[in-house]
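These protein sequences, in sequence, are chains A and B. Mapping of the first sequence onto my numbering: residues 8 to 212, in sequence order. Mapping of the second sequence onto my numbering: residues 8 to 212, in sequence order.
Bear in mind the hints are in silico, worked out from the structure with no lab data behind them. This one's a predicted model, so the numbers in the text were calculated from it and none came from an experiment. There could be a bad hint or two in this list.
Because identical chains cannot be distinguished in the list, a pair is counted as satisfied if it fits within a single copy or across any two copies.
[What the hints assert, rightly or not] Below, a list of computed lysine-lysine pairs in the DSS-like style, where the Cα atoms sit at most 30 Å apart:
1. LYS201 - LYS171
2. LYS151 - LYS123
3. LYS171 - LYS96
4. LYS61 - LYS96
5. LYS151 - LYS122
Residues per chain are reported as follows:
There are 2 protein chains.
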Amino acid sequence: MNRKKTGKGQLIVLSGPSGVGKSTVIAELMSQRELFFSVSFTTREPRSGEVDGKNYYFITREEFEGMIARGELLEYTQYQQNYYGTSEKLLQEKLDAGIDVLLDIEVEGGENVRKKRPDAISIFMIPPSFEELSRRLHARNTDKEEVIQGRLARAREEYKEIPKYDYLVINDRVSNAVTEIEAILAAAECRVAKRIHIIEGDNAL
Amino acid sequence: MNRKKTGKGQLIVLSGPSGVGKSTVIAELMSQRELFFSVSFTTREPRSGEVDGKNYYFITREEFEGMIARGELLEYTQYQQNYYGTSEKLLQEKLDAGIDVLLDIEVEGGENVRKKRPDAISIFMIPPSFEELSRRLHARNTDKEEVIQGRLARAREEYKEIPKYDYLVINDRVSNAVTEIEAILAAAECRVAKRIHIIEGDNAL
């Protein structure tokens with residue numbers, strides 16, 4: 008009996024305010040387990056240090072609207088005049104191969120994914136306090152004060168969506184957040200919906 | 008911020024066929040973490056080695072029917088002419104004190120608890136194969152063959168209830184089953200419903 012991976016991979020939706028540290032936590036998770044990070048497509052400009060094909064696929068507005076027209080996106084949203092979206096094809100190939108897929112998406116995208124994929128595991132990540140979020144955004148030293156204030160205002164709006172998520176993970180330390188997500192994924196492997204086929208296999212009656 | 012235990016304890020329902028090894032797994036879990044094992048009341052005769060107040064509270068039929076009449080039971084059921092039931096009072100005191108409570112109950116009792124306590128985490132434990140269950144029941148060497156056949160027939164009926172549970176844990180090795188239950192409990196601590204108060208505390212907006 009294959010204990011660890013049975014059937015398809017799990018689709019994981021991870022959201023959280025800008026500055027909470029999602030990228031660091033994801034990198035640590037990916038160093039510990041097989042996990043496919045679904046890179047989003049966006050029409051926004053790359054920030055300093057961002058790499059095309061790693062942080063996002065940076066494409067033009069025309070290219071993005073072509074993907075919409077061809078129905079290639081699992082979800083997409085607009086934020087500050089830019090498109091953000093997820094290609095469905097590559098993601099589905101990984102899930103079919105039994106590989107877990109993680110989406111780092113905005114709350115609107117998260118909601119759209121949950122509607123299309125009710126089995127998705129949705130996780131919202133918060134900092135230990137709102138003051139700490141402000142501190143992290145300032146420490147990042149990449150944004151002007153008005154941009155930071157915009158991100159904090161945005162975070163306040165995002166927090167209202169937390170009740171729609173399955174799990175709330177606190178990133179006080181990266182190792183704690185990673186441990187919590189590992190437990191969430193391990194528990195999800197034990198869900199009856201994920202394992203019910205077992206009693207039709209070795210446990211057949 | 009209190010990370011590990013926030014608010015009330017979690018109510019855990021554990022079911023599974025006779026012989027699957029629930030008692031061994033529970034003992035190992037209790038050696039690793041704070042967990043209150045809710046001892047059931049029953050009118051059946053103690054089996055060899057069973058201790059009153061540890062495995063069950065062994066009481067008379069008249070005493071049990073008194074508890075029913077006084078509304079003291081969270082759930083109760085009858086099986087092979089005997090009553091089995093759970094006292095609500097002690098269990099609630101532990102949950103209120105932030106202590107997780109584990110109920111080892113039959114599938115009918117599990118269903119009754121889920122109805123009254125929709126937040127309960129329900130886990131069904133199976134052996135790695137049905138042949139292995141038969142082997143374990145014979146190895147226990149406490150029951151006559153006809154009793155064992157009755158337990159196996161009963162297991163077949165219980166398996167039909169698995170889709171009603173949240174999680175399916177496989178007891179191929181005690182350490183594996185314990186690890187899975189630990190992950191399920193750790194994930195449950197991260198459920199939004201369990202943590203939503205946090206964003207009204209340190210993360211207040």
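Each hint tested on the structure:
Taking the closest pair of Cα atoms, LYS201 and LYS171 come within 30 Å of each other both inside a single copy (22 Å) and across two copies (13 Å). For the identical chains of this complex, LYS151 and LYS123 are neighbours neither inside a copy (37 Å) nor across copies (53 Å), given an alpha-carbon limit of 30 Å. For the identical chains of this complex, LYS171 and LYS96 are intra-copy neighbours only, at 26 Å inside a copy versus 33 Å across copies, given an alpha-carbon limit of 30 Å. In the homo-oligomer, the alpha carbons of LYS61 and LYS96 lie at most 30 Å apart inside one protomer (17 Å), although the nearest pairing across protomers, at 55 Å, exceeds that limit.
In this homomeric assembly, LYS151 and LYS122 never come within 30 Å of each other (Cα to Cα): the closest approach is 36 Å inside a single copy and 53 Å across copies.
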